[in-house]
Amino acid sequence: MTALGYNFGYLDENTKRMIRRAILKAVAIPGHQVPFGAREMPLPYGWGTGGIAVTASIIGTADTLKVIDQGADDTTNAVSIRRFFAKVTGVATTERTGEASIIQTRHRIPETPLRQGQILVYQVPMPEPLFRLEPRLAETRRMHALADYGLMHVKLYEDIARHGHVAISYGYPVLVGGRYLMSPSPIPAFDNPKMDRMPALQLFGAGREKRIYAVPPYTSVRSLDFEDHPFVPVRADAACALCQSRESYLDEVVVDDQGGRMFVCSDTDYCGTRQSHREAAE
Amino acid sequence: MTAADPSPGLTPGFAAPVPAAQSCFRALLEAMSRPGLIQTLTALPEAPAPLAPAAAAAILTLADADTPVWTDAGPAAEAWLRFHAGCPLVADPAAASFLLATASPPDLALPDAGTEEEPHRSATLVLQVAALEAGAGWTLSGPGIETTHRLHAAGLPAGFAAAWAANAARFPRGVDLVLCAGDSLAALPRTTRLEETR
Ligand SMILES: [Zn+2]
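Order-wise, the sequence lines are chains A and B. Heads up, the first sequence is in the numbering used here, so the first residue is 1 and it goes up one at a time. Heads up, the second sequence is in the numbering used here, so the first residue is 1 and it goes up one at a time.
Wrong hints could be hidden among the right ones.
[Claimed, not checked] Footprint (simulated), chain B over chain A, 3 or more residues, beta carbon under 8 angstroms:
1) 23 to 34
2) 186 to 192
3) 225 to 237
[As the list claims (entries may be wrong)] Okay, the calculated beta carbon distance ranges per label pair:
4) Pro157(B) - Glu158(A): 45 to 55 angstroms
5) Arg132(A) - Glu116(B): 18 to 28 angstroms
6) Phe131(A) - Ala165(B): 48 to 58 angstroms
FYI, nobody ran anything at the bench for these hints, they're computed from the structure. The beta-carbon is built from N, C-alpha and C at its ideal position, and this holds for glycine as well.
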């Protein structure tokens, strides 16, 4: 118990041990969804309970935690989760990608490349990449067992036939280690290439479905595509209005009540750091 | 069941169980994520012979009433594990979630390798070896390894590399390995390919 009367990391030791065992098996079988039983977290589903359960089971006093929601450190969701962990662990928190040892994220991968030794924890609303195509869990389990992903290839091919391209902007399915079809969680397809052979460990926690999966460092993560229709990560063809980046993923934001709009980086730390470097250079 | 309340004749477990289990878990996670790299544990229990401190720490961190443990370590170690980890001990290697081998390792084909649909329901072997040395011995490749890692595990029987190749060949089924010596450990998940360097 901490001085405040919580278990360190909120979860009791039995729950942490169960989740820790699931995490190790997830790392040993890259891309495979491992079920875990767990007590309920003190937040409603949709607030990242799966990611929180994973972070709570791995975090220690030596860690520095960063939490982002759609790339931003300052949204209600990110602030709540960061405060929660500060309260139940006392660990240091940061908004700097480079300073964090654990980054919990909802729906983005930071623009600053992650390094060896860092852990990226994704909040996952739906872990099963095939759920829209095959609602029966017993069937999807069988497909994963046989690596039978024909259904997904047919879906992508139909997209191409109908729209001329694959009509998936978020949660674009990937093949991990050449074996398991995996949902990257609803990150923009733009972020998919960052997952491939990433030096950091990637852990995924789905709270409602109670599944954990993982991508070890330096592991192949390939976005599904076809030879004549290769995967293309797309971003808005614009520069960030604040830092002028042409490499980062952009959000379109409304700036006034006249319908004025501009593009800004979704990653607030990346954008802020670039702006302060520009000011320093001037 | 705390370190402050040892049962008569038993050496203590972790002095501070919550932070010790967390730091040992992170060493295990790093070991499993970066196969073959040696991790040194900082918080160790006082385990009875023949248990190596790192092997005892790994079991204390991961095993509990839900995970049957098989071991060849003898009655003193069994009593210590039962008390500090609270795990049931089983005589059948196929019935164990964790196998803790201090002498020659069990046949890799015996433990539970999981099923094609549930490969995570496989056993983890904690094997004590005479010594672990980086930069020599096997050449390792696979997930978690940028190019190659080298690891020498002293004291494994001849034929281990062939048995490991057979374990990898049944992926996604298979067992995962934690090699322990003294206060250090290294892991070989089932995805790691191992070549004997000549
Ligand atoms: Zn910007």
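Results for each hint:
no., hint, verdict
1, 23 to 34, "holds (count 10)"
2, 186 to 192, "violated (count 0)"
3, 225 to 237, "violated (count 0)"
4, Pro157(B) - Glu158(A): 45 to 55 angstroms, "holds (54 angstroms)"
5, Arg132(A) - Glu116(B): 18 to 28 angstroms, "holds (24 angstroms)"
6, Phe131(A) - Ala165(B): 48 to 58 angstroms, "violated (36 angstroms)"
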